[in-house]
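Okay, here's what each chain looks like letter by letter:
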Amino acid sequence: MKRNRILLVIGVLILVGFLIYSPRLGYRFPIHLDEWIHVDWAVHAMDKQSYMEKDDLFTKQRLPVHEVGFHIFLSEIFLMSSVDPVLGYKYLASFLNMVTAFLLFVVIFKITKDFYTGIFAMLFFASLRNNINILGTWFFVPFVFCFPLIYLLSFSIIKGLDDKKFLIISIFILFVIYFIHVQIAIFCSLLFVVYLIFNYKKVKKNWIYLLPVILVPLIILLFYSSVLWNGSFLGLIKNIITRITFEGYGPGPQINYSLFSFYGIIAYVLAGIGIIFGIKKIKERFWIMWIFLAAIFIFIFHQYRIILLAAYRRMVYLALIGLIPLSAIGLSNILTYLKKKIKNNRILQLTSMTFIVVVFIFSFWGYYRIPSNVRIFYLINEQEYEAIEWLEEKYSSYNVVFAPKWFSEAIYPVSRNYVDYNKIKGGADKKHEFYDGDCKTKLDIIKEFKVDFVFVKERIHCRFLELVYNNSVFIYEFKDRDLTE
Amino acid sequence: MLGVIRIIIAAAFLLFIPGYLLTLIFFKKIDKLERIALAIGLSICFSVLVGLVLGYSSIIGINSFNLLVSYILFFGIMLMIYYKRK
Chain A
6 MKRNRILLVI
16 GVLILVGFLI
26 YSPRLGYRFP
36 IHLDEWIHVD
46 WAVHAMDKQS
56 YMEKDDLFTK
66 QRLPVHEVGF
76 HIFLSEIFLM
86 SSVDPVLGYK
96 YLASFLNMVT
106 AFLLFVVIFK
116 ITKDFYTGIF
126 AMLFFASLRN
136 NINILGTWFF
146 VPFVFCFPLI
156 YLLSFSIIKG
166 LDDKKFLIIS
176 IFILFVIYFI
186 HVQIAIFCSL
196 LFVVYLIFNY
206 KKVKKNWIYL
216 LPVILVPLII
226 LLFYSSVLWN
236 GSFLGLIKNI
246 ITRITFEGYG
256 PGPQINYSLF
266 SFYGIIAYVL
276 AGIGIIFGIK
286 KIKERFWIMW
296 IFLAAIFIFI
306 FHQYRIILLA
316 AYRRMVYLAL
326 IGLIPLSAIG
336 LSNILTYLKK
346 KIKNNRILQL
356 TSMTFIVVVF
366 IFSFWGYYRI
376 PSNVRIFYLI
386 NEQEYEAIEW
396 LEEKYSSYNV
406 VFAPKWFSEA
416 IYPVSRNYVD
426 YNKIKGGADK
436 KHEFYDGDCK
446 TKLDIIKEFK
456 VDFVFVKERI
466 HCRFLELVYN
476 NSVFIYEFKD
486 RDLTE
Chain B
40 MLGVIRIIIA
50 AAFLLFIPGY
60 LLTLIFFKKI
70 DKLERIALAI
80 GLSICFSVLV
90 GLVLGYSSII
100 GINSFNLLVS
110 YILFFGIMLM
120 IYYKRK
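Protein sequences appear in the order of chains A and B.
Quick note on numbering: the working numbering labels position 338 of the first sequence as 343, and the sequence is numbered without any gaps.
Quick note on numbering: the working numbering labels position 21 of the second sequence as 60, and the sequence is numbered without any gaps.
You may find that some hints are simply not true.
[As the list claims (entries may be wrong)] Calculated lysine-lysine pairs in the DSSO-like style (CA-CA distance at most 30 Å, straight line):
hint: 1; chain 1: A; residue 1: Lys118; chain 2: B; residue 2: Lys68
hint: 2; chain 1: A; residue 1: Lys286; chain 2: A; residue 2: Lys207
hint: 3; chain 1: A; residue 1: Lys169; chain 2: B; residue 2: Lys67
hint: 4; chain 1: A; residue 1: Lys288; chain 2: B; residue 2: Lys71
hint: 5; chain 1: A; residue 1: Lys169; chain 2: A; residue 2: Lys285
hint: 6; chain 1: B; residue 1: Lys67; chain 2: A; residue 2: Lys170
[Unchecked claim] With the Cβ distance kept under 8 Å, some of the chain B side facing chain A (calculated, not the full set):
hint: 7; residue: Leu88
hint: 8; residue: Ile101
hint: 9; residue: Ser103
Keep in mind the hints are simulated off the structure, nothing from the lab.
These numbers were taken from a predicted model, which means no experiment stands behind them.
The beta-carbon is built from N, C-alpha and C at its ideal position, and this holds for glycine as well.
Model the full assembly from the supplied sequences, consistent with the hints where possible.
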């Protein structure tokens, strides 16, 4: 590859990295609750050196959870690099999406044999919108962690038509995706099977490779059986169906996203053109099948208000991930058409450049416009972080802490102090009861949960609680353990 | 400075070397760019699997030392296979 092309790729990757990092400018910690929960899992694994059991104080939560591959990778990052999990997390989404963009570039460049189609794909990828309901590229979560693997999987499946070694690699990647995000892995398995069936003439000799694609989910099922098994085979099936069936718009705010919520109108039009051109080519047909498969799920949802595999918004986003290559292909084909029609080189260059600039201006239009109910919210501020750190420095770890709702998710990752009543049944109610109740109620709850410290935003006046920290957040220590009211 | 070096080494271990060695064994001749892409993707997959094995083995456990030993062992085995086949 020529030097100027390498520089162009690097430039676009930096742009991708910056765009994805931009919501975190001026904020040091993970954003949104989900990121904190994932840090919590990773820190727990690092702390206990095991994933066998998440032995919380009040619950014995059995592993594996269905995103264990993501947590494993997270803890490996922090163990190997010795970077602080809480302070280092903010760089991960940006870095991962640069990796995804690079892989996307290689995949598109190599499949279409056109350098600029690869560049366009990276830019369309960067233009994907985000919010806290959909948790897209701005966030470092298992769903997004799958993106580089999905693109590489698509590449190896396409290449697998000609070279069986790539089919082996596809099965390996698919196997790993099952540990990161089961629903996406099932979607990819379906796509894998459908693509091979549609190209049965090419894979006739290698039909045996279809077998592992079907066997992999069964092996994974065995792995997860310890958490899915509830006494009977029928119960197991029921449990699986419950976990891959989503009613309504899924958890969180019930928003009926328009297809244009996360991707520009022009990008959609270009994807339509990409489909027209791509349908003639076996390799490019892969992404058309992707869209087609996702569209079936979305159509079923609109008919029956129920969706399989992933929540509606996730399925929409997954469809967009498949739409990006088609938008790039569409744009390239228009430019090729212009090349054929315009003979004057200068006019051609000017027209093409103008067209590209207009396309991307419209694609990035409203990039930061997010509906108010799904805007990013920052769980803790600097003072709260300092307070949690202070607690660890002064009283070490493994104390039991009571803290207000969102804030409490940051306690364990920052200080290794427990707030596990969050996860027990009725724990949230207890918390409300504690903060709203009088001193007697507080004492009862403190004794029930064996609480050592209490975080509050406003002062508490109970004689069994001694103020030990006062800096916009108040920390109280439970002193009189023999006290009875 | 040491912190930066450690981050670079960690990135190489988690995101490049294992996959690169796998591609050396799998593909004798392959386009450079494809090899790099496969190296990154396969390294992520490999890292996840190593973590799974260590994290679920009650004897070994997952910590930075065990991870380092596992990776170096894997690199050694891969290089041996590569040179034997060569």
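Item checked: Unsatisfied constraints (hint numbers, rising) -> none
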